[in-house]
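Visitor: Those sequence lines, one after another, are chains A and B.
Going left to right, the first sequence walks through residues 1 to 406 as full-length UniProt numbering numbers them.
Going left to right, the second sequence walks through residues 1 to 392 as full-length UniProt numbering numbers them.
Just so you know, these hints were derived from the structure itself, not from any lab.
Quick caveat, the model's predicted, so the values are computed rather than measured.
A couple of the hints might just be wrong.
As the list claims (entries may be wrong) - With the Cβ distance kept under 7 Å, some of the chain A side facing chain B (calculated, not the full set): (1) Leu-139; (2) Leu-140; (3) Cys-219; (4) Asn-227; (5) Ser-234; (6) Asp-243; (7) His-244; (8) Ser-248; (9) Asp-350; (10) Val-375; (11) Ile-378; (12) Met-391; (13) Trp-395.
No residue lacks a Cβ here, since even glycine has one placed at the ideal position from N, Cα and C.
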Amino acid sequence: MPHFRQNRLCLREYFNMFNEEENRDTFDIQISVSDPEKVGDGMNAYMVYKVLTKTSLSIFSRDEVCVKRRFSDFLGLHSKLASKYMHMGYIVPPAPEKSIVGMTKVKVGKEDLSSVEFVEKRRSALERYLLRTVKHPALLKDPDVLQFLESSELPRAVSTQALSGAGILRMVNKAADAVNKMTIKMNESDAWFEEKQQQFENLDVQLRKLHASVESLVCHRKELSVNTASFAKSAAMLGNSEDHTALSRALSQLAEVEEKIDQLHQDQACADFYLISELLGDYVRLITAVKGVFDQRMKTWAKCQDAQVMLQRKREAEAKLQHANKPDKLQQAKDEIREWEGKVQQGERDFEQISKNIRREVGRFEKDRVKDFRVVIIKYLESLVHTQQQMIKYWEAFLPEAKAIA
Amino acid sequence: CLQSEETINHLFWDCPRAVNVDLQTDATLQVDISDALSERDKVKFTVHTKSTLPNFKQNEFSVVRQHEEFIWLHDSFVENEEYAGYIIPPAPPKPDFDASREKLQKLGEGEGSMTKEEFTKMKQELEAEYLAIFKKTVAMHEVFLCRVAAHPVLRKDLNFHVFLEYNQDLSVRGKNKKEKLEDFFKNVVKSADGVLVAGVKDVDDFFEHEKTFLLEYHNRVKDASAKSDRMIRSHKSKFLFSISYFYGHSPLPLSCFQTLFPVQKIEARVAADEDLKLADLLKYYLRESQAAKDLLYRRGRALADYENANKALDKARAKNKDVLQAETTQQVCCQKFEKISESAKQELIDFKTRRVAAFRKNLVELAELELKHAKGNLQLLQSCLGVLKGDT
Numbered sequence: 001m002p003h004f005r006q007n008r009l010c011l012r013e014y015f016n017m018f019n020e021e022e023n024r025d026t027f028d029i030q031i032s033v034s035d036p037e038k039v040g041d042g043m044n045a046y047m048v049y050k051v052l053t054k055t056s057l058s059i060f061s062r063d064e065v066c067v068k069r070r071f072s073d074f075l076g077l078h079s080k081l082a083s084k085y086m087h088m089g090y091i092v093p094p095a096p097e098k099s100i101v102g103m104t105k106v107k108v109g110k111e112d113l114s115s116v117e118f119v120e121k122r123r124s125a126l127e128r129y130l131l132r133t134v135k136h137p138a139l140l141k142d143p144d145v146l147q148f149l150e151s152s153e154l155p156r157a158v159s160t161q162a163l164s165g166a167g168i169l170r171m172v173n174k175a176a177d178a179v180n181k182m183t184i185k186m187n188e189s190d191a192w193f194e195e196k197q198q199q200f201e202n203l204d205v206q207l208r209k210l211h212a213s214v215e216s217l218v219c220h221r222k223e224l225s226v227n228t229a230s231f232a233k234s235a236a237m238l239g240n241s242e243d244h245t246a247l248s249r250a251l252s253q254l255a256e257v258e259e260k261i262d263q264l265h266q267d268q269a270c271a272d273f274y275l276i277s278e279l280l281g282d283y284v285r286l287i288t289a290v291k292g293v294f295d296q297r298m299k300t301w302a303k304c305q306d307a308q309v310m311l312q313r314k315r316e317a318e319a320k321l322q323h324a325n326k327p328d329k330l331q332q333a334k335d336e337i338r339e340w341e342g343k344v345q346q347g348e349r350d351f352e353q354i355s356k357n358i359r360r361e362v363g364r365f366e367k368d369r370v371k372d373f374r375v376v377i378i379k380y381l382e383s384l385v386h387t388q389q390q391m392i393k394y395w396e397a398f399l400p401e402a403k404a405i406a
Numbered sequence: 001c002l003q004s005e006e007t008i009n010h011l012f013w014d015c016p017r018a019v020n021v022d023l024q025t026d027a028t029l030q031v032d033i034s035d036a037l038s039e040r041d042k043v044k045f046t047v048h049t050k051s052t053l054p055n056f057k058q059n060e061f062s063v064v065r066q067h068e069e070f071i072w073l074h075d076s077f078v079e080n081e082e083y084a085g086y087i088i089p090p091a092p093p094k095p096d097f098d099a100s101r102e103k104l105q106k107l108g109e110g111e112g113s114m115t116k117e118e119f120t121k122m123k124q125e126l127e128a129e130y131l132a133i134f135k136k137t138v139a140m141h142e143v144f145l146c147r148v149a150a151h152p153v154l155r156k157d158l159n160f161h162v163f164l165e166y167n168q169d170l171s172v173r174g175k176n177k178k179e180k181l182e183d184f185f186k187n188v189v190k191s192a193d194g195v196l197v198a199g200v201k202d203v204d205d206f207f208e209h210e211k212t213f214l215l216e217y218h219n220r221v222k223d224a225s226a227k228s229d230r231m232i233r234s235h236k237s238k239f240l241f242s243i244s245y246f247y248g249h250s251p252l253p254l255s256c257f258q259t260l261f262p263v264q265k266i267e268a269r270v271a272a273d274e275d276l277k278l279a280d281l282l283k284y285y286l287r288e289s290q291a292a293k294d295l296l297y298r299r300g301r302a303l304a305d306y307e308n309a310n311k312a313l314d315k316a317r318a319k320n321k322d323v324l325q326a327e328t329t330q331q332v333c334c335q336k337f338e339k340i341s342e343s344a345k346q347e348l349i350d351f352k353t354r355r356v357a358a359f360r361k362n363l364v365e366l367a368e369l370e371l372k373h374a375k376g377n378l379q380l381l382q383s384c385l386g387v388l389k390g391d392t
């Protein structure tokens, strides 16, 4: 039981450390997601989270607002934002993944460590999601975001199937498919985009590899913890059966040291996993959003190309009609040419705009990435430092006991 | 890839002497293993002796011995009735490089599928592992010889002298199947006997206590040894997070990450030290406590023989038949039993002294090493943090 409680504490501790940095920004808005509460019973049950916003920004009606939201509400928000902004080249932060296994356990009412961990992981992920969303200057002002944060009643998000992370992924992939089906490959005149796309491809691959290796690291650490605990018990038994008093005492002390070290390993595993693995997971999903945005640009270009092709055809049609004697059709053709000229211009403007937006978004993304990773690495190293300091304490206490064996 | 094996096959053994026993070294007879050579399927130990005893032709000499010859010497002690009252130093375990060799071979096969750095790193690790196993097996064989040389009676044994001095192969072929089976049955009978004997309460308080103590202690040491092995194996699997990956994705100072690689190396050293100070200690006392148990069983058998001889004598006197023979048998059994009891008592007291001293030494050294490594790690981590934090 003590382990149970301690793990919960350590999770919150680590997540709070991460979000602390976010909140201390010159952004003047603090968001926290807390107090998960189960509503209902059985398979229809769901978790409700308290979303507390503290801000001095004027776009908010109050400087402190507290609302209750469920997971599908978050998904709904993301879906709206994605459909509004992705095609303009904005990197919309992805919502956390749905998890059937995780949620079923919670619904069924399993109060074990893994379902507690699951809820805590989700709570923190939702918090990070909101923080990233409001950090985006355009999204912060979005009425859907404001409504999400402020309004006490939110219309139930429809068809969460389509709104799941997988659903968004499908939307992104559709854009990618469109790109692949393009008959004329985009002639990238801008080397910056080509370079960046390649960079993100590489980053994606490496982050996934890294994510996998962290998971195996956590496994090892947990295995070490189990084996250390088992050895500690065995050493205590050995100490009991030892008939030399001082040695017996020293062996019992050794057993205690190993037990404490086991706890250290467990806490360290927490840090490994929750600090680093979650961050990596976030970034793997973010990269998908970034790649999606590049694909949207290609789609925009394709649309522009199609418009130009159409314009060309209309002009050819008009030229043909010049020699036929059909003044009505000729006028129609001229009108259509004007229409498509407009579309071509719009398409070119759109393309310019999305390219500009993407450059800005990518710049912001890189800055945030460096900051996020730096914060987490520092926290992680601090946790390693703490572990070593504790180890030193334990062994320093043990040494005189060992020396006292006479 | 087996090239690497050859480069570390030859080992000059100049590390501090075996740490699992606390022995009084004596100028009259000093034995050590000065060199060792690992070949494909055997290890050749160079046993080096320095002695002022008149039994030997020279004052200093060396011979080459293999594992089977150590076993022959150990078994000759066990089978010698004269030594029934002593704790026979446990035989060294057979050198086993199979697992390590297999790993090196697999590495060689997989060379094409990994980067040059990965390959070099893995190769170094496996070579270090191989070297560690090699050093350990040399240490175990040396400890055995040192224990024999330190024992007031065993050191005078003729077979021991032959082992040390005879510079030809002792031609001790390994036991064939029949002999191995015989051994197996002998052991079964011995433990059955042991159970019988263990059941009867001893009149002598000292031995009664020792019996109870050793039976429980041996089991606990066995368990602790197994669990410590498992713990250390988990520790050995690389688990310090490779923060190096991060370097590729964020323009953080390289110097910071470069300090983290030594941290990983220190973790490996911690595991190796724990292995040496803790796991090996427990393994050794597992074998020693078994040898002490064997002594108790032998005494138990002698006691049973003595009691039977007493009963036979009573019967003979009652029938007035073969009384003289029965008397002689009874006297022989009595002497044997008393002789064993006397030396056994001293042996068991010495065993406790040795055990306490060895545990003390190793536990102190373990704690000191753990502290050293933790402090080293701490320094590295703090310097890395300093760089990171200062770099805003």
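Visitor: Could you run down the list of hints and mark each one as holding or not?
Guide: Outcome of the hint check:
1. Leu-139: violated, 24 Å
2. Leu-140: violated, 25 Å
3. Cys-219: violated, 9 Å
4. Asn-227: Result: holds, 4 Å to nearest chain B Cβ.
5. Ser-234: Result: holds, 4 Å to nearest chain B Cβ.
6. Asp-243: holds, 5 Å
7. His-244: holds, 5 Å
8. Ser-248: It is violated, given that the least Cβ distance between A/Ser-248 and chain B is near 10 Å, above 7 Å.
9. Asp-350: Hint on A/Asp-350: violated, closest Cβ of chain B at ~32 Å, above 7 Å.
10. Val-375: Status violated, d = 10 Å.
11. Ile-378: Nearest chain B Cβ about 6 Å off; hint holds.
12. Met-391: holds, 4 Å
13. Trp-395: holds, 5 Å
Against the hints set out earlier in the document, violations occur for numbers 1, 2, 3, 8, 9 and 10.
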